[in-house]
Amino acid sequence: MTHIELRGVQKWFGAVQVIKDLNLTIEDGEFIVMLGQSGCGKTTTLRAIAGLETIDEGDILIDGKPVQHLKCSARDIAMVFQSFSLYPHMTVYENIAFPLRATGMGKSGIDEAVRAIAKVLRITELLDRRPSALSGGDMQRVAIGRALVRHPKAMLMDEPIGALDAKLREEMRAEIKRLHVKQGSTTIYVTHDQVEAMSLADRIVIMHEGVLQQVGAPEEVYQQPQNLFVAQFVGSPVMNVSPAIVRSEGADVSVAIDAAVPGFAFPPELLGKLNGHAGSGALKLGIRPEAVLVSRQPQPGYVPVVAHIIEPLGSHDIVDLKVGAEILRARTPSGFVPKAGEAVHARVDPAQAHFFDTSSGKSLGVRL
Amino acid sequence: MAAVQTTSERALNRIAIVGVLIATIIFLAPIYWIVSTSFKPRNLATTIPPTVLFEPEISPFVKLVLRRSQLREQPTPEEYAAAPWWERLVFDGGEKVVRDGQGNVQLSGYPSRFVNSLIVAIVSTVLAVGMGTITAYGFSRFKVKGEQDWLFFILSTRMLPPVVVAIPMFLMYRVVGLNDTHLGLIILYTAFNLSFSVWLMKGFIDEIPKEYEEAALVDGYTRMEAFFKVVLPEAATGIAATAVFCFITAWNEYAFALIMTRRTAQTAPPFIPSQVGSGLPDWTVIASGTFLFLLPVAIFTFLLRNHLLRGMSFGAIRK
Chain H
1 MTHIELRGVQ
11 KWFGAVQVIK
21 DLNLTIEDGE
31 FIVMLGQSGC
41 GKTTTLRAIA
51 GLETIDEGDI
61 LIDGKPVQHL
71 KCSARDIAMV
81 FQSFSLYPHM
91 TVYENIAFPL
101 RATGMGKSGI
111 DEAVRAIAKV
121 LRITELLDRR
131 PSALSGGDMQ
141 RVAIGRALVR
151 HPKAMLMDEP
161 IGALDAKLRE
171 EMRAEIKRLH
181 VKQGSTTIYV
191 THDQVEAMSL
201 ADRIVIMHEG
211 VLQQVGAPEE
221 VYQQPQNLFV
231 AQFVGSPVMN
241 VSPAIVRSEG
251 ADVSVAIDAA
261 VPGFAFPPEL
271 LGKLNGHAGS
281 GALKLGIRPE
291 AVLVSRQPQP
301 GYVPVVAHII
311 EPLGSHDIVD
321 LKVGAEILRA
331 RTPSGFVPKA
341 GEAVHARVDP
351 AQAHFFDTSS
361 GKSLGVRL
Chain Y
369 MAAVQTTSER
379 ALNRIAIVGV
389 LIATIIFLAP
399 IYWIVSTSFK
409 PRNLATTIPP
419 TVLFEPEISP
429 FVKLVLRRSQ
439 LREQPTPEEY
449 AAAPWWERLV
459 FDGGEKVVRD
469 GQGNVQLSGY
479 PSRFVNSLIV
489 AIVSTVLAVG
499 MGTITAYGFS
509 RFKVKGEQDW
519 LFFILSTRML
529 PPVVVAIPMF
539 LMYRVVGLND
549 THLGLIILYT
559 AFNLSFSVWL
569 MKGFIDEIPK
579 EYEEAALVDG
589 YTRMEAFFKV
599 VLPEAATGIA
609 ATAVFCFITA
619 WNEYAFALIM
629 TRRTAQTAPP
639 FIPSQVGSGL
649 PDWTVIASGT
659 FLFLLPVAIF
669 TFLLRNHLLR
679 GMSFGAIRK
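In the order they appear, the protein sequences are chains H and Y.
Counting from 1, one number per residue, gives the positions in the first sequence under the working numbering.
Counting from 369, one number per residue, gives the positions in the second sequence under the working numbering.
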């Protein structure tokens, strides 16, 4: 059972605060992905848990015991580095055996453990090689093997597949998932790639400028972003965010993203849920491209727009629609809008619309 | 490089090869001169033009290690016949081997000077490289207050030519009784090489990615263990290169050795030229002494050549 808790963690590099009052609880066997841009403090947090970085304030608890004053070697945590950091003067076998040697384990015990983990990772035939003779994917397998071999309390991974090419990255992503399911070790994984985060995580932790933005299951983070940063960071293509002008004429409620064009139809209960924010003008509408519906024929509730740029992606197209002066990106079936400049009609799905307060960036939590 | 060379490229290539050959011949000529002279009979050593073809002799080396004196009278045929082969070589040169009261053969000053050189150079190299590596590691991996100033200060100890500090050092050494001792020379050479060793090793250790040690720390080792098990093997190339340079400096040092030592701790460099002045110089003996003196550096460098040539880390870190 491993339970990791961060309580009020603060960290400065000189005058720059890189971690701001971070509170996080990680349950046993959980796969946590820390997601954020470079410099957001995610790697520093990971290194602080490992003991490679000291913290200025707060507590790091492993199984309820504060460890922030302990050395790395006393924390029983394993780490996989982005650079893999395989010792070049040792063979693959020696690399994997290295952490076991630190524990003073006997020769036969080490041999058994190394061969067992090599079998799981399918690198048995590489054991006698030097790291320099390995491919990127195999290096990464060895690095993971070295981390897993002594059954650490937790496994930390710092962009472990960031250095691989796209195809291999996809392959290794699946492999990491398979290993986690098989070994069930508590894992904290750092990445800036939201696809990796979505596909691997039990829960995603999103950080920005040292501040934790949101913690939640991948679908929760995707469907209910708590603020503009999360909304725009998670999901590809990026969520459309534009100023929202709420209009109500009698029973009809609409939301326009440009004052000069008609608004998109919304159910009347929107007004109540916006809770007074409607008139303020300080409101933003966030809408994911798949929630923008496009029609070639005029239909009730649809607004005439012009297709501006079309990006064909094979399985689907991303179409930039010009709505007044604003651009709304829509996801359409492949070839649905034949060419740029075409006049089409669009509406937004109110059930997938997000409203944010412009000044704070916070979501108003409107669900329709 | 193009797979197919044009005619002009080929011509340039040939000219370059010829140029390199000429340069090599010029650079190696003095070494050839010394080596060939050390195997020449005495009467051929100073002929003009130089003798190129001759029957090599080992007598200069025999004379080098033995204490000799001029023969006043020729040995009797019985004496000559009874003498071992090396003594006969000395007789042939018109000299005899000096023996003490018990009839033991006396050695010349060279073997003990050679041993002194070995002791002083090896010990000071080990000390300078060892201390330099640890210091460089500290500067490379930890935040040291005023790091740049310290590094400059360390380097500045090398800015004065040895001759400038030789006299004050001599006086200080006389007071503390370090004159003409091995320890005195070892301390001097270690101090002199340390700044160089720190700077060179810092460059090498900076090149070793920090992640190796961090991986070792996370793998359950202390920083000390990580240093010995991960950093040192990775720095082997740098250590070898630094050791070669320190060894060469200590081995060849002349000025301090000349001033600070007389007999007990005198090294080979001040000894060899001192032989030129004693009587009619036997150039073959001096050449053989010089030739033997060249060997340890050549052997040391040869043994470490793989380390010197090998790249720093070979691709286990992806950048």
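One should not assume that every hint holds.
Computed Cβ-Cβ distance ranges for the label pairs, DEER-style [unchecked claim]:
| id | chain 1 | residue 1 | chain 2 | residue 2 | range |
| --- | --- | --- | --- | --- | --- |
| 1 | Y | R526 | H | D59 | 43 to 53 angstroms |
| 2 | Y | M540 | H | G8 | 54 to 64 angstroms |
| 3 | Y | N381 | H | V16 | 49 to 59 angstroms |
Think of the hints as simulated: they come from the structure by calculation, not from any bench.
On a predicted model such as this, the values are computed, not experimentally measured, just so you know.
Cβ coordinates follow ideal geometry from the N, Cα and C atoms, glycine included.
Here's how the hints hold up against the structure:
no.	hint	verdict
1	Y:R526 <-> H:D59: 43 to 53 angstroms	49 angstroms, holds
2	Y:M540 <-> H:G8: 54 to 64 angstroms	59 angstroms, holds
3	Y:N381 <-> H:V16: 49 to 59 angstroms	56 angstroms, holds
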